[in-house]
Amino acid sequence: MATDITFEQVNYSYQAGTPFAVQALKDINLKITPGSFTAVIGQTGSGKSTLIQHLNALLKPSSGTVTIGQRVITTETKNKHLKPLRKKVGMVFQFPENQLFEETVLKDIAFGPQNFGVSETDAEVLAKRMAGEVGLDGSLLERSPFDLSGGQMRRVAIAGVLALEPEVLVLDEPTAGLDPRGRLEIMTLVTRLREEQGLTIVLITHQMDDVANYADHVIVMGHGALLKQGSPRVIFSDPKWLQEHQLGLPSATKFAYELQQGGFKFDHMPLTVTDLADQIAPQLSKGAHPHE
Amino acid sequence: MAIIQVENLNYQYSNSDTKAIDDVSFEIQAGDWVAIVGHNGSGKSTLAKLLIGLMAADSGKITIDGQVLTPDTVWQIREKVGMVFQNPDNQFVGATVADDVAFGMENRSVDRDTMVTKVDYALKQVGMLDYKDREPANLSGGQKQRVALAGIIAIAPKILILDEATSMLDPRGRQEILSVIQQLKEDLNLTVLSITHDIDEAANADRLVVIDDGHFVEEATPEELFTHGKELVDMGLDVPLPEKLKDALRERHIEVPHSYLDEGGLANWLRTSRLNK
Numbered sequence: 003m004a005t006d007i008t009f010e011q012v013n014y015s016y017q018a019g020t021p022f023a024v025q026a027l028k029d030i031n032l033k034i035t036p037g038s039f040t041a042v043i044g045q046t047g048s049g050k051s052t053l054i055q056h057l058n059a060l061l062k063p064s065s066g067t068v069t070i071g072q073r074v075i076t077t078e079t080k081n082k083h084l085k086p087l088r089k090k091v092g093m094v095f096q097f098p099e100n101q102l103f104e105e106t107v108l109k110d111i112a113f114g115p116q117n118f119g120v121s122e123t124d125a126e127v128l129a130k131r132m133a134g135e136v137g138l139d140g141s142l143l144e145r146s147p148f149d150l151s152g153g154q155m156r157r158v159a160i161a162g163v164l165a166l167e168p169e170v171l172v173l174d175e176p177t178a179g180l181d182p183r184g185r186l187e188i189m190t191l192v193t194r195l196r197e198e199q200g201l202t203i204v205l206i207t208h209q210m211d212d213v214a215n216y217a218d219h220v221i222v223m224g225h226g227a228l229l230k231q232g233s234p235r236v237i238f239s240d241p242k243w244l245q246e247h248q249l250g251l252p253s254a255t256k257f258a259y260e261l262q263q264g265g266f267k268f269d270h271m272p273l274t275v276t277d278l279a280d281q282i283a284p285q286l287s288k289g290a291h292p293h294e
Numbered sequence: 003m004a005i006i007q008v009e010n011l012n013y014q015y016s017n018s019d020t021k022a023i024d025d026v027s028f029e030i031q032a033g034d035w036v037a038i039v040g041h042n043g044s045g046k047s048t049l050a051k052l053l054i055g056l057m058a059a060d061s062g063k064i065t066i067d068g069q070v071l072t073p074d075t076v077w078q079i080r081e082k083v084g085m086v087f088q089n090p091d092n093q094f095v096g097a098t099v100a101d102d103v104a105f106g107m108e109n110r111s112v113d114r115d116t117m118v119t120k121v122d123y124a125l126k127q128v129g130m131l132d133y134k135d136r137e138p139a140n141l142s143g144g145q146k147q148r149v150a151l152a153g154i155i156a157i158a159p160k161i162l163i164l165d166e167a168t169s170m171l172d173p174r175g176r177q178e179i180l181s182v183i184q185q186l187k188e189d190l191n192l193t194v195l196s197i198t199h200d201i202d203e204a205a206n207a208d209r210l211v212v213i214d215d216g217h218f219v220e221e222a223t224p225e226e227l228f229t230h231g232k233e234l235v236d237m238g239l240d241v242p243l244p245e246k247l248k249d250a251l252r253e254r255h256i257e258v259p260h261s262y263l264d265e266g267g268l269a270n271w272l273r274t275s276r277l278n279k
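Line order of the protein sequences matches chains A and B.
Under the working numbering, the letters of the first sequence match residues 3 to 294, in that order.
Under the working numbering, the letters of the second sequence match residues 3 to 279, in that order.
Do not rely on the hints blindly, as some may be mistaken.
[As the list claims (entries may be wrong)] Residues from chain B shown here face chain A by an in silico Cβ test under 8 Å; the list is partial: (1) Q7; (2) G43; (3) L243; (4) S275.
Just so you know, the hints here were simulated from the structure itself, not pulled from any lab data.
Quick caveat, the model's predicted, so the values are computed rather than measured.
The beta carbon of each residue, even a glycine, is placed where N, CA and C say it ideally should be.
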């Protein structure tokens, strides 16, 4: 019952048929496999957000097909009967706290499932479970979501999406605007959801360190086209190409390239600080490690 | 000369038991770049809103460019201050990007020819001239942030307040915007007050001010503050890579310098400590 998502020759234009038409996606072919963690990177305006809105048919391709599980979405697809799809693929938008509206945290989280026909009682049971899942304290459930901090509001919004019990969780820059601690908390949560519930994760991010630390597949977008895809190791092995496309490296990788100029040798370019330290420690002189 | 003077400022939200800003005093000199850092909920954004009179303080005094902030002077003071927020959607008004950039000037009765020149100049500075006739709603988050900044560049304020303004940009875009701001600061003797979690943005500042639970905790240069290592996370900042790497090397029994080294400094130190064979 696992949900594969496949794009075949997908094109999409905003304001199609008007003088303002802008082609936002060009001939996209890709596959997202169940249980994978895919990072979508690219400059601002490269088509990342447009791409992910095709993952649950919020946008339909101008041409080409998007296949989500058994459903095939084309430009002809009617908006009817898309509900099961929206339940299967949960979407957390940028600044999701802007979508909170209910009187209490509990009601806000329970709103989604009720919308999909779950009874009020069952939805609240589900909401309580999801609040726990995202690390919201039970004492917050009867509070207004608007009295919470930014990081807490974001958890409420994520819990609301999780309450739909999706198989795929799509997040558009879920850590933007949070401080480093809040960022780490959200990324730890996302990793846990994947490991414990087997959720497929699709993450838009500008944080190359997050790509290095969490993703197993990377999609690079540029000017509406898919420029490259592969593992983080493959993507970050070509700094010149990344620079040409105005993309950065994970901080440890970037530093390793600098050290390489200074004579350090690397078996493979490290993606994390741990990997970097493992590789350079044996290359340092005795004077630098007197404890040996 | 101090362009911003804050004396014994206090503010408490009506639904809260504790003060968001608790007896805060400080001064910022004209032409300085000061970054205010602190974790989420420390009071940073509240302080910014008080400074431009979006909210009124419970007590205390704010003096901007020689004028005391009061209900009578708030409009004059806002003429001198440009502010870019975290989420630019909250500050868009124009039907096109160009209209939006012109909006601030329209409020200041700038004539049309000057306005057209300034709109183009400002959009060019932020790399968005090609998007002049586009609808702001259809831009990406980072592009919107650039347009918001262009709107501020066009009115050439004395003080620029950035409230997490680069948080939606990709690393390259952030670096570009920061160098645009650095250039403007030098050309116009602009005073910059940036509220940020970003270590690169903080490193651009002349001074860092740490705020926690509404109090001023510490004031330091970026170099001084960055030696705090893991404590930086409590201050709402990331630990810089050189400090993380030094920690990891210490765990591997390598003796590393205690003083703060930036990436170049640490690379140099590592190079001189490298085995030759």
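Now for the hints, and whether the structure bears them out:
1. Q7: Nearest chain A Cβ about 28 Å off; hint violated.
2. G43: Given a least distance of 5 Å, the restraint on G43/B holds.
3. L243: 4 Å, holds
4. S275: Nearest chain A Cβ about 4 Å off; hint holds.
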